[in-house]
Amino acid sequence: MKDFEYAAAKTVDEAVGLLASKGDRAKVLAGGTDIIVQLRETGREADLVVDVKKIPELVKYELSPAGGLKLGASVPCYKIYEDEKLKSAYPALADSARIIGGWQIQSRASIGGNLCNSSPAADSIPALIVLDAKCHIAGPGGRRTVAVAEFCTAPGKNVLQQGELLTALEFAPTQKGDGSHYLRFIPRNEMDIAVVGCGAWIRLDASGKTITAARIALGAVGPKPLFAAEASTFLTGKPATPETFAQAGELAKKIATPISDMRGPAEYRTHLVGVLVVRALTKALERATQK
Amino acid sequence: MTKKLHVTTTINGEQTEFLCEARQSLLEVLRETVRLTGSKEGCNNGNCGACTVLVDGLPVNSCLMLGVEAEGCNITTIEGIGETQHLHPLQKCFLEGAALQCGICTPGFIVTSKALLDKHPNPTEEQVRFELSNNLCRCTGYDKIVRAVLEAAKIKQTV
Ligand code: FES
Ligand code: FES
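Residue numbers (our numbering), protein chains in the order written: chain A, 111 to 401; chain B, 7 to 165.
Hints listed in this document are in silico derivations from the structure and should not be mistaken for laboratory results. Any given hint could be a false lead.
In silico lysine-lysine, DSS-like type, Cα no more than 30 Å apart, as pairs [to be verified]:
| # | chain 1 | residue 1 | chain 2 | residue 2 |
| --- | --- | --- | --- | --- |
| 1 | A | Lys197 | B | Lys125 |
| 2 | A | Lys267 | A | Lys319 |
| 3 | A | Lys137 | B | Lys10 |
| 4 | B | Lys125 | A | Lys164 |
| 5 | B | Lys160 | A | Lys189 |
| 6 | A | Lys195 | B | Lys125 |
| 7 | A | Lys170 | B | Lys125 |
| 8 | A | Lys163 | B | Lys9 |
| 9 | A | Lys112 | B | Lys10 |
| 10 | A | Lys120 | B | Lys9 |
| 11 | B | Lys125 | A | Lys163 |
| 12 | A | Lys348 | A | Lys286 |
| 13 | A | Lys132 | B | Lys10 |
| 14 | B | Lys125 | A | Lys132 |
| 15 | A | Lys137 | B | Lys9 |
| 16 | B | Lys125 | A | Lys189 |
| 17 | B | Lys10 | A | Lys164 |
| 18 | A | Lys132 | A | Lys244 |
| 19 | A | Lys393 | A | Lys364 |
| 20 | B | Lys98 | A | Lys163 |
| 21 | A | Lys120 | B | Lys10 |
| 22 | A | Lys164 | B | Lys9 |
| 23 | B | Lys162 | A | Lys180 |
| 24 | A | Lys163 | A | Lys180 |
| 25 | B | Lys162 | A | Lys189 |
| 26 | B | Lys9 | A | Lys393 |
| 27 | B | Lys9 | A | Lys112 |
Among the chain A residues that face chain B by a calculated CB cut under 8 Å, a handful are [to be verified]:
| # | residue |
| --- | --- |
| 28 | Lys112 |
| 29 | Ser217 |
| 30 | Glu300 |
Listed next, with one range per pair, are the computed distances between beta-carbon atoms [what the hints assert, rightly or not]:
| # | chain 1 | residue 1 | chain 2 | residue 2 | range |
| --- | --- | --- | --- | --- | --- |
| 31 | B | Arg144 | A | Met372 | 16 to 22 Å |
| 32 | A | Pro349 | B | Gly109 | 41 to 47 Å |
| 33 | A | Gly177 | B | Thr90 | 52 to 58 Å |
| 34 | B | Thr16 | A | Pro175 | 49 to 55 Å |
By construction, the Cβ of each residue, glycine as well, lies at the ideal position given by its N, Cα and C atoms.
Model the full structure from these sequences, guided by the hints.
Here's what the structure looks like:
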C-alpha cells in the first residue's frame with residue numbers, strides 16, 4: 111500500500127477543511143474495515159487519510175423517547191446492539207449492526223461507514239431506509255440533510271460531494287405498535303455478503319391488527335439499496351396477515367433488478383425477495399405486538 | 007512522504023512506543039517493529055481473524071487497523087494472555103483438546119475466546135460459534151475448538 115498522510119481531526123470543521131483541501135485524494139477513516147482493504151487491495155490511492163473518530167459528535171449517540179435517535183456516523187456497531195433500549199426502539203438497525211462482519215469488525219465498523227461505502231449489498235442500508243433515517247452532512251458549503259433512501263446513487267457511489275462528511279443519522283421517535291426487522295439470505299451461517307437483504311418496518315393501530323404505515327427496503331437486487339414504495343404503500347390500511355405480507359412480497363419483486371453472479375442467479379434472487387419480505391414483515395409484526 | 011509517526015500505547019500491560027508509517031497496519035507494526043510475532047497474518051483483509059488482538063478489551067482484526075490508530079490504546083496480544091508456565095485455561099484446553107493442527111489460526115481464536123469469556127463467562131455453544139464466526143480455521147473443522155472454549159469456560163468457573 112502506498113503511504114499517505116494521516117490526520118486525526120478534532121472537529122467537523124477541521125475534517126471538512128482537510129477533506130476539501132485534497133479533493134478526491136483525501137479519504138475518510140472511520141472504522142477502517144472497508145477503506146483499509148480498498149487502499150491495500152484495489153489500487154485506490156489516497157494522499158491524505160482523515161481519521162474522524164476523535165470528533166466527539168461523530169462517536170456519540172443520543173436516544174430519547176421524545177427526541178428519537180441521533181447516531182454519530184462513526185459509532186461502532188457493537189454499541190448499537192449492546193444498548194438494550196436502542197435495540198428495542200430500532201430493532202432493524204440493531205439486527206444489521208449484529209451481522210456486519212463478525213465481532214472483530216463490529217468493534218470498529220460504523221453504520222455511517224457502511225452507508226458511505228455504499229455497497230448495493232450493505233446490510234445497514236435497507237434497515238436505515240425502513241427506519242427513514244435522515245443523513246446529516248457537513249461540507250465546505252455548510253450543513254445539509256438528505257433522506258437515506260436518496261443517499262446512494264450507484265455501486266460505491268453516493269451524494270457526498272468533495273469535502274463533504276457524513277456526521278450523523280437521525281431517526282424519528284418510535285411509538286407503541288412499531289416493529290422492524292432486517293435479515294439477509296446467505297449460504298453460510300454468518301460472515302457472508304447478502305445474496306438478498308430485506309428490511310421491513312410496520313406501524314400498527316391501537317387494535318394491533320391493522321397496519322397504518324409500512325416501509326420495505328431491499329439490498330443486493332439493484333445497483334443500490336432500494337425502497338419498495340409500491341409494496342410499502344400497499345400495506346397501509348391492510349390487516350397484518352400472512353396473506354397481505356405475501357402480496358407485499360410479490361409487489362416488492364417488481365422492483366428487483368438483480369445481477370447474476372457467484373452469489374446467485376438473478377431469478378433466484380428475485381424469488382428470494384418474496385420470501386424475505388414475508389419473513390421480515392412477520393418478525394416486524396411479532397416485535398410490534400410485543401411492546 | 008514516508009515520514010515516521012511516533013505512537014505511544016500500552017501493549018500487554020507495558021507502555022510501548024514505536025515509530026510507524028501511516029500506511030502500516032497495527033499487525034505489521036506488532037510483528038515487524040515491536041517483534042511480537044504471535045499475531046498471525048492469514049488473509050490481511052479482515053476475513054480470517056488470525057490477527058485478532060484486543061484493543062481496549064474488544065477483539066479487533068489488527069490487519070484492519072492502522073498502527074497510528076493505536077495511539078493511547080490498551081492492546082492485548084496472544085503474548086499477553088498466558089505464560090509458558092502458567093497457561094490460560096483456554097490455552098490449556100486447546101492443547102489438551104487437540105483444538106489445533108497447523109496452529110496459524112490459534113492465536114486469533116484464543117484472543118477472541120478470551121474476550122468472549124470475559125463477556126460471557128458461561129457461554130452457550132451457539133454464542134461460542136456466533137462470536138467466533140470471524141475466526142477461520144482451515145484444519146480442524148471447528149468442533150474441537152468450540153469444545154475447548156466450552157471446557158475452558160467450565161474450568162474458569164471452578165477456579
Ligand atoms: S489477517 Fe487480519 S483478518 Fe485475516
Ligand atoms: S489449525 Fe490450521 S488453520 Fe486452524
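Evaluation of the provided hints:
no. : hint                               : in the structure
1   : Lys197/A with Lys125/B             : holds (18 Å)
2   : Lys267/A with Lys319/A             : violated (40 Å)
3   : Lys137/A with Lys10/B              : holds (20 Å)
4   : Lys125/B with Lys164/A             : holds (26 Å)
5   : Lys160/B with Lys189/A             : holds (28 Å)
6   : Lys195/A with Lys125/B             : holds (19 Å)
7   : Lys170/A with Lys125/B             : holds (22 Å)
8   : Lys163/A with Lys9/B               : holds (22 Å)
9   : Lys112/A with Lys10/B              : holds (14 Å)
10  : Lys120/A with Lys9/B               : holds (22 Å)
11  : Lys125/B with Lys163/A             : holds (24 Å)
12  : Lys348/A with Lys286/A             : holds (18 Å)
13  : Lys132/A with Lys10/B              : holds (21 Å)
14  : Lys125/B with Lys132/A             : violated (42 Å)
15  : Lys137/A with Lys9/B               : holds (19 Å)
16  : Lys125/B with Lys189/A             : holds (14 Å)
17  : Lys10/B with Lys164/A              : holds (21 Å)
18  : Lys132/A with Lys244/A             : holds (27 Å)
19  : Lys393/A with Lys364/A             : holds (22 Å)
20  : Lys98/B with Lys163/A              : violated (38 Å)
21  : Lys120/A with Lys10/B              : holds (21 Å)
22  : Lys164/A with Lys9/B               : holds (22 Å)
23  : Lys162/B with Lys180/A             : violated (40 Å)
24  : Lys163/A with Lys180/A             : holds (16 Å)
25  : Lys162/B with Lys189/A             : holds (27 Å)
26  : Lys9/B with Lys393/A               : violated (53 Å)
27  : Lys9/B with Lys112/A               : holds (12 Å)
28  : Lys112                             : holds (7 Å)
29  : Ser217                             : holds (4 Å)
30  : Glu300                             : holds (4 Å)
31  : Arg144/B with Met372/A: 16 to 22 Å : holds (20 Å)
32  : Pro349/A with Gly109/B: 41 to 47 Å : violated (58 Å)
33  : Gly177/A with Thr90/B: 52 to 58 Å  : holds (54 Å)
34  : Thr16/B with Pro175/A: 49 to 55 Å  : violated (39 Å)
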